Each structure stands twice: as C-alpha cells, then as structure tokens.
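First to last, the protein sequences are chains A and B.
Here the first sequence is numbered in this note's numbering, starting from 1 and rising by one per residue.
Here the second sequence is numbered in this note's numbering, starting from 209 and rising by one per residue.
Rather than coming from a laboratory, the hints here were simulated on the basis of the structure.
The model shown is predicted, which means the values in this text are computed figures rather than measured ones.
The reader is advised that the hints may include incorrect statements.
[Said to hold, decoys possible] Result set (SDA-like, lysine to any residue): computed pairs, CA atoms no more than 25 angstroms apart in a straight line: (1) A/LYS72 <-> A/LEU181; (2) B/LYS267 <-> B/ALA301; (3) B/LYS267 <-> A/LEU79; (4) A/LYS167 <-> B/ARG240; (5) A/LYS80 <-> B/LYS267; (6) A/LYS80 <-> B/LEU225; (7) A/LYS80 <-> A/LEU31.
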Amino acid sequence: MAIPVGTYGAAFGAASIAAGFSVLQTCLLSLLLFSGASQFAVVGVIGSGGSAMSAIATGSLLGFRNGLYGLKMAPLLRLKGFKRVIGAQLTIDESTGVAISQEGRGDDAARYGFWATGIGVYFFWNLFTLLGALGAGAIGDPAAWGLDAVVPAAFLGLLWPRLTDNKTRILAISAALLALLLVPFVPAGIPIIATALLAVVFGSREKK
Amino acid sequence: MSQIWIATLISSLICFLLKYLGYRIPESLLNRPAIQRINSLIPIALLSSLVAVQALTIKQQVVIDHRLVGLLVAAIALSFKANFPIMMLLAAASSALVYNL
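One chain only, chain B, in its complex shape:
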C-alpha cells in the first residue's frame, strides 16, 4: 500500500478513536489542569509550525517566495477581522499575482 493510502486510513482511524475514547473514558482521568492547558497549547504550536513550514520551505530548505506574500496578505486580512473566505481568496490572489509576474 502506498504511503498516501497508509496516511489516509491510519490517521482517519486514530482521529476517530480519539473522538470515540472521549465518550468512553472516565472524565476524572483527563480533567487535570495541566492536561487541559497543554491540550489548548498543542494546536497553537502545531498550527504555527505548519504555517511556517508550508509558507517558507521547499523540501528541506528555507525559501522565501510568492507564498510569503500570500501569507502576509492573509495576516493583514485577519487583523482587519476579514472572514475566512475573503482571507483565503486574498491570500491566493496575491500569491498567484507575484508567482505569475
């Protein structure tokens, strides 16, 4: 089986089991403040590193190109409280513009 099939099926299975386990385990097990804090921080660390890696790397090199323009435009749009569709559209349009110049 290809890597992509493995990634598709196994991550789907694990993510479903994580959801399901929430309904099956006793609440006291995970209801500790440190667990709650770490749980709210893990998405922040992962999402932020995903932003950086997806916008600024190619293979194993740090590269600055048109994607950074799209990301900066997205950040400006978000800081002006633009909604999701507008922000994505502006990011795509500005990045494509620089790419096609």
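Next comes chain A alone, as it looks inside the complex:
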C-alpha cells in the first residue's frame, strides 16, 4: 500500500507546486485536508484559473463521501473526544475500505485495519507530498516532465475502479462532455461543480 500512496502523494505535491501553491500550502493541504481526490481538485481548479470559491466547492463535494464513511465507521470505532477528532481525520477511502473488508474477521480486526491503514497512509501521504513539492520546485517547466498530464491521469486512476456498469460509464461520459461544453461560457471551476447536478439526476431517477 505504501508505494502507490507514495507515488500518488508525490504526484500531488508536484502538481500543487505547478498550480502555484507554495510548499507550505501544499503540505498543509495534505496535513489538514487529507483526502486525495479533494486535494487534487482544489489545486486543479486553482491551477486552471478558477476562484477560491470554485476550488472550495469542488473539494468539499468530493469530501462529502468521507462523512458517509464516518457514519459507517462510528458504531464500529465508538470514539469519544480527541480520539474522535483523530479518527475522523483518518476516515478516507483506504481506511474505510480496509475496515469493511476486515469486518468478517470480527470487530477487533476491522478496528485494527482502520487505524493501521489510516495512520500508515497519513504518514506516507504527507512524507511524499513534501518530497514531490520539493522535487517539483527543483525542475523548471512542468510540461517538459509530463507533470501537466499527471493530474488528469491521477483523476482517471481514481475514476476507473468506480466505472462498474453502464450507468456509471454513461454518467462519466456525460459529465466530461457537459464540463467541456460549459468551459468557454462560465468561469473556471463552475463546469466541474455543475456536473454534480448530473449525478443527482442520475441518482434520484433510479428505481430499484
């Protein structure tokens, strides 16, 4: 798990510097926000000329799922006070995923999976964010090193495993087309936020 997290963290660090964030701002995002997709979205929107508001809205919409993970983890972890703050901060795709996959082996195994994964990912993610940020500061033109292609590739890598059936594939293609259609007409960042409405339409119309 450490190697993919490390690569991805380094890519985030480098992409954030290329988008105009300082090393400190880049590291604060990994320390305080700590959710890969949201972090990439914040620097991506700012890097393409979007406002702070658009960046915050996109990052927050992507962060909403962590709240639902928390809802799922709360009865398992039963945390109070400061431990709940730490547990909440470590509630991301990876830690929740491992905890759920361990549930069959009992609550203790699931709890151990959550903490071990959360702490491990937090450590490597932040370490490699710093290394990536420092590395990107040392090179000149990001495009000459392919850094400008790393960001869309990172998003594609996060998207790919979610495309499990025709409905999700159609939604993905519609969202990409809608965003590209809107780009010339509305301020940067808005085309991305607008596609969340597509998800609401797709999600509420299903009858199962």
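Following the hints, position chain B against chain A.
Then chain B, alone, in the frame of chain A:
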C-alpha cells in the same frame, strides 16, 4: 489573504468538518437509498469532468495537445490493470515525449 490561502484553509476546514460530522449525526438522517446512490455517483461525475477539464482545456478554451496523449496512455495502462505508479509514470513520460518533440 490570497485566493490560494483561502482555498487551502477553508477547503481543509470544510473537508475535516464533513468527516467529523459523520461521527456526530444520527445514522438514520442520511441512510436513505437515494442519498447513498447520489453519494456514490457524485465522485464519478466530478472526477470525470476533472479529467476532461485538466486534459483538454487551457484557460477557457478546449485545446488538444500533448496532455491528451498522456491521458490515452493512462487509459490503456488502466485497461491492462497497470498499478498506480506505472500508470502515472507512463502518462507523464508519453506526454513529456510529445511535448519535447
């Protein structure tokens, strides 16, 4: 304060509060099937539009350039079940190659 500082600190705060709220609100509030479905679809819509905008636009124009090559290589790598580091490396290398041609 600059736009970048505002984006950094406010999105960090909101994303943390979203995580924390999950531990504080009663489960019944959000445990409706439609909410669960929409929650799993929102990342798909946002990630897909982010792919498109990051790979195919500059400022407010749709542009086809070296980044698209990197993205296509990434898609091929993913369809062959390449792992994350390999996929990113191939995308960067192919895009840089076309850029430097």
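Would the pair A/LYS72 and A/LEU181 pass a check requiring their Cα atoms to be no farther apart than 25 angstroms?
violated (37 angstroms)
Hinted pair, alpha-carbon criterion (25 angstroms max): A/LYS80, B/LEU225. Please report holds or violated.
holds (16 angstroms)
Below or equal to 25 angstroms on CA atoms is what counts here, so check A/LYS80 against B/LYS267.
Status violated; Cα separation ~46 angstroms.
Verify the proposed pairing of A/LYS80 with A/LEU31, using a straight-line Cα cut of 25 angstroms.
holds (22 angstroms)
B/LYS267 paired with A/LEU79 [C-alpha distance capped at 25 angstroms]
violated (45 angstroms)
Is the straight-line distance between the alpha-carbon of A/LYS167 and that of B/ARG240 25 angstroms or less?
holds (20 angstroms)
With the threshold set at 25 angstroms, check whether the alpha-carbon distance from B/LYS267 to B/ALA301 stays at or below it.
holds (24 angstroms)
Violated hints for the displayed structure, listed by number in ascending order: 1, 3, 5.
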